[in-house]
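Undergrad: Residue strings, one per chain:
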Amino acid sequence: MTGQEIVFVPLGVVAVGAALLVVTTKQMVHAALWLVVTLGALAGMYLVLTAEFVAWVQVLIYVGAVVVLLLFGIMLTRAPIGRSADLDSGNRWIALAVAVATAALLVTVVVQGFRTAYVPLKPGGGSAEAMGAGVFRTWVLPFEVLSVLLLAALIGAIVLSRSDIGPGPDPGSDTGPGSGGGSRRKGDG
Amino acid sequence: MGSELAEITVKILLVLGAFALLPLLVGQAEHKVMAHMQGRLGPMYAGGFHGWAQLVADGVKFAQKEDVVPRAADRRIFMIAPGVALVPYLVVLAVIPVGPGHVVLNLGIGLFFALAVMGIGVIGAIMAGWASANKYSLIGGMRVAAQLMSYELPMVFAASSVAMAAGTLSLSGIVDEWRWWWLPWQLVGGVVFFVAGLAELRRPPFDMPVADSEIIFGPYTEYGGLRFALFLLAEYAGIVVLCALTTVLFLGGWNGPFMSDDLGWLWTLIKVFALAFVVIWLRVAYPRLREDQLQKLAWGFLVPLALAQLALTGVVKVMIST
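Protein chains in written order, with UniProt numbering: chain A, 1 to 189; chain B, 1 to 322.
Check the hints yourself; a few may be wrong.
Beta-carbon label-pair distances, calculated as ranges [as the list claims (entries may be wrong)]:
| no. | chain 1 | residue 1 | chain 2 | residue 2 | range |
| --- | --- | --- | --- | --- | --- |
| 1 | B | K317 | A | L146 | 18 to 26 Å |
| 2 | B | A308 | A | G90 | 47 to 55 Å |
| 3 | A | L150 | B | G167 | 20 to 28 Å |
| 4 | A | A117 | B | G167 | 31 to 39 Å |
Computed list of chain B residues with no C-beta within reach of chain A, every gap over 12 Å [unchecked claim]:
| no. | residue |
| --- | --- |
| 5 | A20 |
| 6 | F258 |
| 7 | I320 |
Derived by calculation from the structure, the hints in this document are not laboratory data.
Don't be surprised by glycine CBs; every beta carbon is placed ideally from N, CA and C.
Model the full structure from these sequences, guided by the hints.
TA: Following this line, the structure appears as structure tokens:
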């Protein structure tokens, strides 16, 4: 085993173990914090694979922003300290079956597809230069398509969260709890 | 091999020394500068000469206090939160170059590393806010999260503007490429970066998460003794890191109008402390921003300004290279 493999395996164990804790812990905020450990271990694995840029983007976006957003959402709604009895879903055995099946499928595909193919890792292979050249020279079309998809999602989110644009609710009908801002703005106008 | 090991050891010791000393210097400067700006004297007795040992005395006091964990708190999270808040700044300090070649860890993507790791420190404050089992702490933790999410974006934009201008993500590389005319060119980006950084550190006037008149001390309300001291240390270490990053990215790091490159680290220190003075000055000069004003400043001013800076950087960069 090379040094890289020796570091890689414990990181993988940490990532999987923390991921299991995310779904099995009885405390909601702990689940979000275990997710930090999972994503951090994943970033460590990227580092071992010389993908430095992806690793630090992973930390910046997922640990620094997505988990903070998750924590914010949990704290805004309900963040009890201690165990919650109702965190287990009735679907958990089905979910387990689906997860195991997905994992088995992915592992099979990877093993079948890349059985003897080894990629020699060279330092700098995942640096910002290499990434930039790859994304903007070879893969520029998928990249642009993805950016359009993200833009569409962004606009969709804005439309969904603002009730004062678009056709708007019928003035006579019950506008529901989500449109308080809209009706107030109508009153202002 | 042996000399390499010795060099690394010395560098790590230097970083640890800087980490122990610089935040204390900033803290003491804050005591005295604030006092004089408000027509007071500040600490005058501890240590004799102008109260220079006040923070040492504070530290001794903190260390003597009882370590209290509220009964309803989540003990483990409550206890590790100060560490999560403090350690990232120590790690970031290791990648900041103080002089030509004077850096502990010269990473090719040092800029990204610094921004990513700085973001982790905020999770410490959120953890503290939640685990304290105190409604004021919880509100403070939520405000911390909201503030981070809105100010992270302009900060990263402003930093990427410099990276675009220099054509590298390496912090040493950026300083190498820096020329004096970058000052006006990157001025807007520099201001955005500094302001957004202040907000991320929750320094006044962006101290809504710890607003003492409303929510006591936000996420840190239930903390006392050494753990509280660690949070304070994290704040001052954060000031040092932010000022050092601003120096490296926007003020030319070790470049200066005179003195040779051997004394470049002196320029870095001078600039860092000048910026730290501004941080203290802002605390004295401006009242606390309200939560809606905070969000408006981030999304209504800083993000558009940062985007405009990015566009300007791109245009000038293309004009130079043709």
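Undergrad: May I ask you to test the hint 31 to 39 Å on the CB atoms belonging to A:A117 and B:G167?
TA: holds, 35 Å
Undergrad: At 12 Å, judged by beta carbons, does B:A20 keep clear of chain A as stated?
TA: holds, 26 Å
Undergrad: Quick one: work out the minimum CB distance from B:I320 to chain A and report holds if it exceeds 12 Å, violated otherwise.
TA: holds, 19 Å
Undergrad: Quick check on a hinted range of 20 to 28 Å for A:L150 and B:G167, using CB atoms only.
TA: holds, 26 Å
Undergrad: Non-interface claim for B:F258: all C-beta distances to chain A beyond 12 Å?
TA: holds, 34 Å
Undergrad: Okay, B:K317 versus A:L146 on CB: inside 18 to 26 Å?
TA: holds, 25 Å
Undergrad: A range of 47 to 55 Å was offered for this pair. Does it hold for the Cβ distance of B:A308 and A:G90?
TA: About 52 Å separates the Cβ atoms of B:A308 and A:G90, which means 47 to 55 Å holds.
Of the numbered hints given earlier, the model fails none.
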